[in-house]
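Protein chains: 2
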Amino acid sequence: MAPLKKTTLVVKFGGTSVADPECIERISKICIREAKEHNVIVVVSAMGKTTNTLVDLANKVNPNARGRELDMLLATGELVSIAVTAMSIQKLGHPAVSLTGWQAGFITESAHNKARIAEIKKERIEKHLANGEIVVVAGFQGITEEGEVTTLGRGGSDTSAVALAAAFKACRCDIYTDVDGVYTTDPRIVANANKLELISHEEMIELASLGAKVLHPRSVELAKKYNVDLRVRSSFEPEKEGTKVISLKRIKEMELTKAVTGVALDTKQAWIGIMGVPDKPGIVSKIFTSLSKRNISVDMIIQSVPRETYNDVAFTLPKEDLKDALAICQEILKEIEGTKIVSDSNIAKVSIVGAGMINRPGVASTLFNTFAKEGINIQMIATSEIKISCIIAPDQAEKAVKAIHQAFELETSSEPVIA
Amino acid sequence: MAPLKKTTLVVKFGGTSVADPECIERISKICIREAKEHNVIVVVSAMGKTTNTLVDLANKVNPNARGRELDMLLATGELVSIAVTAMSIQKLGHPAVSLTGWQAGFITESAHNKARIAEIKKERIEKHLANGEIVVVAGFQGITEEGEVTTLGRGGSDTSAVALAAAFKACRCDIYTDVDGVYTTDPRIVANANKLELISHEEMIELASLGAKVLHPRSVELAKKYNVDLRVRSSFEPEKEGTKVISLKRIKEMELTKAVTGVALDTKQAWIGIMGVPDKPGIVSKIFTSLSKRNISVDMIIQSVPRETYNDVAFTLPKEDLKDALAICQEILKEIEGTKIVSDSNIAKVSIVGAGMINRPGVASTLFNTFAKEGINIQMIATSEIKISCIIAPDQAEKAVKAIHQAFELETSSEPVIA
Chain A
715 MAPLKKTTLV VKFGGTSVAD PECIERISKI CIREAKEHNV IVVVSAMGKT TNTLVDLANK
775 VNPNARGREL DMLLATGELV SIAVTAMSIQ KLGHPAVSLT GWQAGFITES AHNKARIAEI
835 KKERIEKHLA NGEIVVVAGF QGITEEGEVT TLGRGGSDTS AVALAAAFKA CRCDIYTDVD
895 GVYTTDPRIV ANANKLELIS HEEMIELASL GAKVLHPRSV ELAKKYNVDL RVRSSFEPEK
955 EGTKVISLKR IKEMELTKAV TGVALDTKQA WIGIMGVPDK PGIVSKIFTS LSKRNISVDM
1015 IIQSVPRETY NDVAFTLPKE DLKDALAICQ EILKEIEGTK IVSDSNIAKV SIVGAGMINR
1075 PGVASTLFNT FAKEGINIQM IATSEIKISC IIAPDQAEKA VKAIHQAFEL ETSSEPVIA
Chain B
715 MAPLKKTTLV VKFGGTSVAD PECIERISKI CIREAKEHNV IVVVSAMGKT TNTLVDLANK
775 VNPNARGREL DMLLATGELV SIAVTAMSIQ KLGHPAVSLT GWQAGFITES AHNKARIAEI
835 KKERIEKHLA NGEIVVVAGF QGITEEGEVT TLGRGGSDTS AVALAAAFKA CRCDIYTDVD
895 GVYTTDPRIV ANANKLELIS HEEMIELASL GAKVLHPRSV ELAKKYNVDL RVRSSFEPEK
955 EGTKVISLKR IKEMELTKAV TGVALDTKQA WIGIMGVPDK PGIVSKIFTS LSKRNISVDM
1015 IIQSVPRETY NDVAFTLPKE DLKDALAICQ EILKEIEGTK IVSDSNIAKV SIVGAGMINR
1075 PGVASTLFNT FAKEGINIQM IATSEIKISC IIAPDQAEKA VKAIHQAFEL ETSSEPVIA
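From first to last, the protein sequence lines stand for chains A and B.
According to the working numbering, the first sequence holds residues 715 to 1133 in order.
According to the working numbering, the second sequence holds residues 715 to 1133 in order.
These aren't lab readings, by the way, just hints derived from the structure by calculation.
You may find that some hints are simply not true.
Remember, identical chains collapse to one label, so a pair may be satisfied in a single copy or spanning two.
What the hints assert, rightly or not - EDC-like mimics (lysine to aspartate or glutamate), calculated; alpha carbons at most 16 Å apart, straight line:
hint	residue 1	residue 2
1	K1000	E955
2	K1116	D980
3	K1033	E739
4	K774	E739
5	K1116	E1022
6	K927	D980
7	K743	D1026
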């Protein structure tokens, strides 16, 4: 039995990183290289577009398929990946073993299709690590206490990896994907967008929520909770260090907080306004309780200064939920004694994120000046401690992102910019 | 909770019966129809050519992949099938649940890729049957006591079905395939081959071993051991009754044993002769022990009358094992003091099978007369209680099968023929 190494590393590979035998050999080499230094736990997603193919099959067989049987089907994708990844590592001469979600000890709640991890029973992985094996774990899946197969829903494999890193007190959790890190904004919009070397969990959550598709916010939230250091990097260019995602506290200690870390664009939102709502307690609560019961997640909520005895309440939500949400609002309009409902799905949300903006009052004015200079009308504004979001017309969105990226000098340097 | 029905039925569907959503809907209707009368346990194979696709993938990733990781990979095929079958049954309005091999309680030995079933823990299936659900079980797979996923090897899904039928004392085990039963011979050779209504386990084992690809002999052996009634039928023509496979004892009680039930042709064999072997104890044992150690299964073994102090020993074996077997024989030739080794891979084995032949001495002579009339030279003969096999030249094999089929009047009636 090989002596257990001092540090454990979790590495996670998404679908594009395990799409074919060539990709699988590439990631196997990464795992073996890391195994020289660490105990390595590997989490893999389903190969390429497998999950979509399985969903299509389910829809053909039963368009209403969901719950338990859909989980049974979807969980197979990752099982294929773990088996071939372990085979590939073995071929390259390193011992490896694949473990399903249940073999790896992922105990979840029983909410099928979107289960949350309740516990990781570590014994089995520990035994294999002690044998000197690279342990390849199926992401995205677990098992209930009753022995039912579950899947974790969106961002599931990232979440599996972070949960393992937390449970095994890993030195780091590397999330390998098909891009080489997190950028100051979408490089398809701003060609000289900068790769970030460092970003806090908090900023990453905001950027992820705002449309940077690299990491699912759920996994970053878990990393924040358990203080797991993440690294976003490319399996196609593993020599690059990627972007480090660490705690805001440590970034503050290093005095590396930035006024603006990144600019995000989200064109998949719509807004609804409920006009003339009486100014009395409990009304807003009624609206958002009704929406959350139907599983519609609301993003920006804006209620401005009351006009005499009534308010206008507006909120943004995913475009795909607009129709359902309008119906719900219409239902409760009488009950809450509002006057009318308005909506717009032709909008774009442009946001700046930066953990350092709270102490730098110039940030907001720089942002609004930039919009003004470009002749862009702001329809709504919402702010949090580390974020300012503005709703504008979608045909002006790219122009806005470019101008803001330049105004905060994000393209010239990856050094912190003091506003 | 619906009251448990009096009888339990196991139905098994092979890969061609679950190849696409249309096929799956077809078999779902069969299951629901049977569920009106029985508690139904469904065993499904992987969809269409899935298993071959998975084996190809494994070979691309690691040509030496085997054992544990190959099982992990291959077991996924059946998981897809059970999930979509359960979804499809649900769509048609009947409650259904899918169970993996481990969920269904299939405990196996730890021999990966060819595990034998040690036990079926029945509690979970019983619970779902008591709920009125059709239980869809993944064939071909199980789990060891240590929690490792195993597969059962060739004929695995048929074997899973028969094992369930034995464990649950099922009234019957229906094996659905793409043909409507077992025939007196291969209908591609003899156009008017007859579908058998009834055949004994013993005869079916011989026919299956001899090249009738409908049922794997391993599953029929298990059915014989536990006295499980099988029915071979088509999922594409479920209104047909197919062929009943029952115990020889019951066929004898019904006085329905036939002199000749079927004619089988096997062109995938070769033979090896070891010449001039000294006539003393232990020699033959040495030869076949060496072969079985290398996992080469020998079929016919022929040793004729000794000539003075030495023997010639001949045996048939699968063509694909000929090269290995010749090397082994060459190795031990000196040790056993034989003179030389001869072999031929250009042979065909024609066999007749019939549980009633033992009491009807005319059968062998009818067979040999038929060969003589057709001018076919017999190279080797071997017999068992219910079988006579002859090795002949392969270019005469089809002619032989046709003539024998006619000589025993197999095409005219499915009534027993008294020789």
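Here's how the hints hold up against the structure:
1. K1000 - E955: Neither: 48 Å inside a chain and 63 Å across chains, both beyond 16 Å.
2. K1116 - D980: Intra 14 Å, inter 74 Å, cutoff 16 Å: intra-copy only.
3. K1033 - E739: So K1033 and E739 fail the 16 Å test inside a copy (40 Å) and across (35 Å) alike.
4. K774 - E739: between (33 Å within a copy, 10 Å between copies)
5. K1116 - E1022: neither (40 Å within a copy, 101 Å between copies)
6. K927 - D980: within (11 Å within a copy, 59 Å between copies)
7. K743 - D1026: Classified as neither: same-chain Cα gap 58 Å, cross-chain 56 Å, threshold 16 Å.
The structure fails hints 1, 3, 5 and 7 (numbered hints given earlier, in ascending order).
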